[in-house]
Structure formats: C-alpha cells, structure tokens
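2 protein chains.
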Amino acid sequence: MIKVSVLYPNTDECRFDMDYYQATHIPLVESKLGAACRRIEVEQGVSSAAPDSKPPYVAAGHMFFDSLEAYQEAFAPHAEAIMGDIANYTNVEPVVQISEIK
Amino acid sequence: MIKVSVLYPNTDECRFDMDYYQATHIPLVESKLGAACRRIEVEQGVSSAAPDSKPPYVAAGHMFFDSLEAYQEAFAPHAEAIMGDIANYTNVEPVVQISEIK
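Listed in order, the protein sequences are those of chains A and B. Here our numbering = 1-based position in the first sequence + 12. Here our numbering = 1-based position in the second sequence + 12.
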C-alpha cells in the first residue's frame, strides 16, 4: 500500500481554509482519482510534541493507493485540475511525501 | 481521534534502521503506551511528488489516541524510555506533528 501525503507547512503567513478543503477540494480529488484512490484521510494540525507548541503542518491530506503505478496512472491525467485548485484554499506550497506502508 | 506523527527527516547523513525500528522500537512503544494507543502505523519514505525524487522523510511512525489527554497521560510516564531508544535506530532528530483526524 502506497500513501501519498500532502503536508501544508505552518508558516507565519499561512492561510488554510479547512471548510473549502473538506467540502470542495477533497470531493474534487475523489472524483478525479476514482477507485484507484482507496481512501483519503484529512487532518488538522494541533501542536508539536510540547503542549501549545506550533504544529509543523497546519493541515495534511493522505491518499492511499495499491501501488506507486496505480497512483501515477490515476493522478497524472488530473494533476493540473487538482493542483490548480490548491490556491483556492491555501497560500502555502505543500510538501509531498510518498511512502510505503509497512 | 488524535494522531501523533513522528517524522524522520531524510538528511544527507541520515541513518535509519527499519529492522530495529519495527522489531524493537515499535513493540517497546506499544508495551509502554498500552491500550491508550489505539494503533501504530509505520511507513518508509519512497519519494516526493516526482518519480525518483528524494522523500522529505526517510520513515515515519504514527500513533493514534482517543484524545490529546489520553496521549499525554500514556506517554509522559514513559517519555524517557521511549525517546532514549531513538539513538539505537537513527541519528536524525524527528519532527513531531500532533493532528486531529477530521
């Protein structure tokens, strides 16, 4: 199982519209990727290790696929539509981490 | 649900012993945290967005708890034992991100 994590750095000037992200962006991603994307998890940053510290990432989205090839085939045709929507909910450039679930 | 992510930055000089991490560190964490830790997910970095690019994190571990309080109560008494084991499998300082699952 492959996990594609899109992490939004918590910069001083960052803006992140969680309502738009959940109500519009995630459904857009789901409709474009189809069944190849097994599931999506969304999370909101709370803190770093110390209570009340600043979380490194303000938010994150994780997409799960059976394989790297399944992700690439599903994502490539829709990359422009999906990435073109990012400016509608945030002004930070996300960090992308692709991992294998152990 | 609260997710405590421990992310290991993929530096040029980084060392990460996945075998030790999975066979020794994760069981140690599970035994110390007990039932408060609902589950643990381990992942190995593959790449960033572009194929063959370097993943931002060489590996990551994610611990799930019912609440921030449940995490703090379970972790605090064992923080020293758990964090003291980190040097046995890596030479990088992890980034900790605590998030709320949406």
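These are calculated hints, taken from the structure and not from any lab test. Hints may contain errors.
The list makes no distinction among identical chains, and a pair is therefore deemed to hold if it is satisfied within one copy or across any two copies.
[Stated by the list, open to error] Calculated cross-link-like contacts (lysine to any residue; reagent style SDA-like; alpha-carbon spacing at most 25 Å):
| no. | residue 1 | residue 2 |
| --- | --- | --- |
| 1 | Lys-114 | Gln-56 |
| 2 | Lys-66 | Pro-39 |
| 3 | Lys-44 | Val-58 |
| 4 | Lys-66 | Ala-47 |
| 5 | Lys-66 | Glu-85 |
| 6 | Lys-114 | Thr-36 |
| 7 | Lys-66 | Leu-40 |
Predicted, not measured: the structure shown is a model, and the values here were computed from it.
Checked hints:
Proximity of Lys-114 to Gln-56 under the C-alpha cut-off of 25 Å is found in both arrangements, the shortest distances being 24 Å within a copy and 7 Å between copies. In this assembly of identical chains, Lys-66 and Pro-39 lie within 25 Å of each other by CA distance neither inside one copy nor across copies; the values are 28 Å within and 29 Å between. Taking the shortest alpha-carbon separations for Lys-44 and Val-58, only the inter-copy value of 23 Å comes in at or below 25 Å, while the best intra-copy value is 29 Å. Taking the closest pair of Cα atoms, Lys-66 and Ala-47 never come within 25 Å of each other, the shortest separation being 36 Å inside a single copy and 27 Å across copies.
In this assembly of identical chains, Lys-66 and Glu-85 lie within 25 Å of each other by CA distance solely across copies; the values are 20 Å between and 36 Å within a copy. In this assembly of identical chains, Lys-114 and Thr-36 lie within 25 Å of each other by CA distance solely across copies; the values are 15 Å between and 31 Å within a copy. Neither within a single protomer nor between protomers do Lys-66 and Leu-40 lie at most 25 Å apart by alpha-carbon distance, with minima of 29 Å and 28 Å respectively.
Violated hints, listed in ascending order, are 2, 4, 7; each of the other numbered hints is respected by the structure.
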